[in-house]
Amino acid sequence: MSETNGSPEIKKDEPRIGVYVCHCGTNIAGYLDVNKVAEGAGALPNVVVSRDYKYMCSSMGQELIENDIKEFGLNRVVVSACSPTLHEKTFRAACSRAGMNQYQFQMANIREHCSWVTKDYAKATEKAMRIVSAATHRVARNRALEERKVTIKPATLVIGGGIAGIEAALTIANAGKKVYLLEREPSIGGRMAYFDKTFPTLDCAACILTPKMSEAANHPNIELLAYCELEELSGYLGNFKAKIRKKARYIDEDLCVGCGNCWEVCPQWRSSEAVKKRKAGVKVFHHEATISPMGSCYIPTLQAVPKLPVIEKDTCIHFKTGKCNKCLEACTLGAVNFDQQDTYRDIEVGTIIVATGTKVFDAARVKELGWGRLPNVITSQEFEILCNASGPTGGQILMENGEPPKSVAILHCVGSRDENYNVHCSRVCCMYSLKIAHLVREKLDADVFEFYIDMRTPGKGFEEFYHRVMDEGVIMIRGRGAAVSDVPFTPEEEGKLMVEAEDTLLGMRRRVPVDMVILAVGLEPQEDAMDLGRMLGVSCGMSGFFIERHPKLAPAMTMAEGIFLAGTCQGPKDIPDSVAQAGAAAGQALALMDQGEVSVEGFFAEVAEDACSGCRTCVPLCPYRAIDFITDKNVARVNPALCQACGTCVAACPSSAITGQGYSDDQLVAELDGALLPLSDLFEEPEPVGAPGGGV
Amino acid sequence: MNEGEYTWYPGCSLLGNAKSYDTTTRQVFELLGLSLKELDDWNCCGTAAYSGMPLKRAIALSGRNLALAGNIGKDMATACPACYKVLLTAQNYMSENKLLKEEVCAVLREAGVEYTNGVPVRHILDILVNDVGEQKIKAAVKNPLKDLQVACYYGCQIVRPYALFDDREDPQTMDRLLKWCGATSVPFSLKTRCCGAMLMSTETDVAVELSYQILETARRAGADCVATACPLCLMNLDGYQDRMPQVRGRMHMPVVYFTQLLAYAFGIPVNKLELERNLEPVDDLIAKLEGGAVNV
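As you go down the protein sequences, you meet chains A and B in turn.
Count along the first sequence from 1, add 12, and you get the number used in the working numbering.
The numbers in the working numbering rise by one with no breaks, and the one at position 91 of the second sequence is 75.
Next up, chain A with everything else stripped away, as it sits in the complex (with noise of 0.2 Å):
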């Protein structure tokens, strides 16, 4: 520890800078010297008390400040610790409470920046003095600024209508707030829509899932925005505006009542495969989307809400040719209305809840594996449908001849945990193969063989459904499933699907003749994740779904403030964690709807109006439209209140008229300055670098 005192006439600007080197145990005390670096920085201009301290985020620490501040007259600090994401509102609490401007307060992060990455001690040492030297000068440049007050509007978006989305709506609409929840399909519901059962317990999905459509629909404090695109976002923690784009339907919602009339007579068909397969004599449709009717007019599911058709422009046979009209001459209320249009309108809201769910992962990119080329390869999402009791053949699992399979595979991790498609371990496959499996051998007296890498089970009764599926006879082979041929080898073999595997367990190779085989297709993000990321300001991770602010203290939050995320958008999970989720992301925009106003950053772009050209090369730039251009001055203006201190206007100003608050040029200058001051100014007794450093 060393101290410095300062003369006794104190300038009233005059910086005086208490500077605080921590230990942090042994994380940054056991691979650089901070004796030595208190010691340096002591001798640094403006430094009126330097000290090293075994835990500074501890209260003894903040006392330590706090006590320095009154005693010393101190009105910058700098705290030489962690990363600032950690500690740095912490450190700026505590001068707070003494008195001082928090922005007055720097932090210089010599544990992640330092200690944890500099091998060598000596180096080490010298590294950490020079960034206490960097935020030493820059500190006595930091002008005291004022935080901001933001009011919230009480209103929050949910986007997507899955089961996360309408969770979280229906969470706080309850409390009192109104929400929109935003659903670009024709129908909320999500994935869960086309589910038959769920895993563990084999819970009716539908049973559990439409009254919670039909709630969330009913609320009085929620508005259905279905079949709607989110055209554009600005704004900022609350208060966004949304502009929303409704598709049109072509069928009056005001009139509409879901009879049916409509979508039963549509004599074209949407899926052109179907088509294809019904000339070819084909009885059950796999490569099915959906389990409605499937004509251009249809309704995603006869449970859907609101329960309202749709007319497909692209295969409508009147968009087409102007002609047909069935659906118009069915309809008995009128609803029916080619001309409809796309219509547009703005919300503005306080938050913004980010539930658009996964794709599913597309079989046809695994060649090897057949499905789309060879009959009965089926994704999981389609035994789901046919599984359905509202589907094609009314929840009988059948082949496409129409009989039922004498054998099924499941075949696991198909794109997931692969190279060559994604690598992460889509968390849902196992589980839900499991239950396809049970599903089959409850329904069908047939063979099912499980191929698995590894069978992950890790959730409350999910290891006690892997025996339960076991016991029920289900073969399960150790071995990813290499290819699905249809050619056979053997007389047994006429007619089969041969699936190949290598059965790390025998290690052996195996070549099982089945009847049908299921791929457990995994999850991946949506395609236009990273554009929606863009428009909210959230980034997307390497597996390409939204990153969360935290990993294990803040998974529902986002980096944007005011943004929250839930359900599989953020990663792969399965019912209940997306629900869990969907509650934590409604009770953080809850408890930010509750304040009524939050404390933003002091940091804002300022304009020197004498500076100014009235170029307005900012004005466009500008994320947050917080510039505003006076005419009859010439010059621009930022509006504090919106600034969000990105910095763009500031980089692009060509007359350098812009300055950002606490990012001035003075300031980042002045922190360059003392980062690469000569090592004899930063150590009293310079060493060469390199030489072995005192002990710890």
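Please keep in mind that the hints were generated in silico from the structure rather than gathered at the bench.
Note that the coordinates shown come from a computational prediction; the quantities given were computed from them, not determined experimentally.
Among these hints, one or two may not hold up.
Said to hold, decoys possible - Computed from the model, here is a short list of chain A residues facing chain B with C-beta under 8 Å:
id	residue
1	K379
2	E380
3	S497
4	D498
5	V499
6	F501
Beta carbons: idealized from backbone N, C-alpha and C, even for Gly.
Since chain A is already given, all that's left is putting chain B on it; use the hints.
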């Protein structure tokens, strides 16, 4: 690279048992207005046999060809999948392993050849589909292969281990080429399954079984012939049909190079296709082709 000009690396097979592959490839390239100039003083690529040798020797053998072609500066075209794969392997090994490259370069320098960074090695399927393309191929067709049902058989090495121009599991280039010439490519799932290759000489029963499965699958798919891009595949599939096990039944499946079908479609008369080099009679195929021609 100079457009439409390629350095031709025929490889040993195309001088011997696959003479017809060489002839028809040259014909096809000429009819498409492409220049195919044979690499001067080329040597054997080493093929599978030499890859068992110490790495430096095996790579140096192919390295010499790559060095010679590299000095010319045009893409090196080859038709034999084994040559294609071995040349690519040599090149990749050297670009990934600096030490090996230095050793090989030293060996080559002693032989008076300077290796720099190699040369793009291209299979003729790649050139015909990606450089020439649908329009020019279709424009060159004089005798469309109408009513001809072809099973396109690629063999193991064109897309493995390097799938540079086609899908590893379900290649399409040959299918597309022959479709442009008017043929029908039958659904055929053993496109890249091994024919038995060199095992034919040591484990004949195993290899004959493998080849049988390929031919039988093609027959069931309704193919009039199997088109292949590999001399060894053709030898195995064509030459051992009489040795297919008796229980399997005797096969009569014409197996031809895809270039023979292309050349015919481009107007080369059937007696110039060197189909007589096949061991299995191809009369039915010729009748089918000529029948189709009459209908034009």
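Here's how the hints hold up against the structure:
1. About 4 Å separates the beta-carbon of K379 of chain A from the nearest beta-carbon of chain B, less than 8 Å, and the hint is met.
2. Look at E380 of chain A: its Cβ gets to within about 4 Å of chain B, closer than 8 Å, so that hint holds up.
3. Nearest Cβ of chain B to the Cβ of S497 of chain A: about 6 Å, under the 8 Å cut. The hint holds.
4. For D498 of chain A, the suggested interface contact is upheld, since its CB lies about 6 Å from the closest CB of chain B, less than 8 Å.
5. Below 8 Å, beta-carbon pairs count as interface contacts, and V499 of chain A has one with chain B at about 5 Å; its hint therefore holds.
6. Interface restraint check: F501 of chain A against chain B, minimum CB-CB distance 6 Å, threshold 8 Å, status holds.
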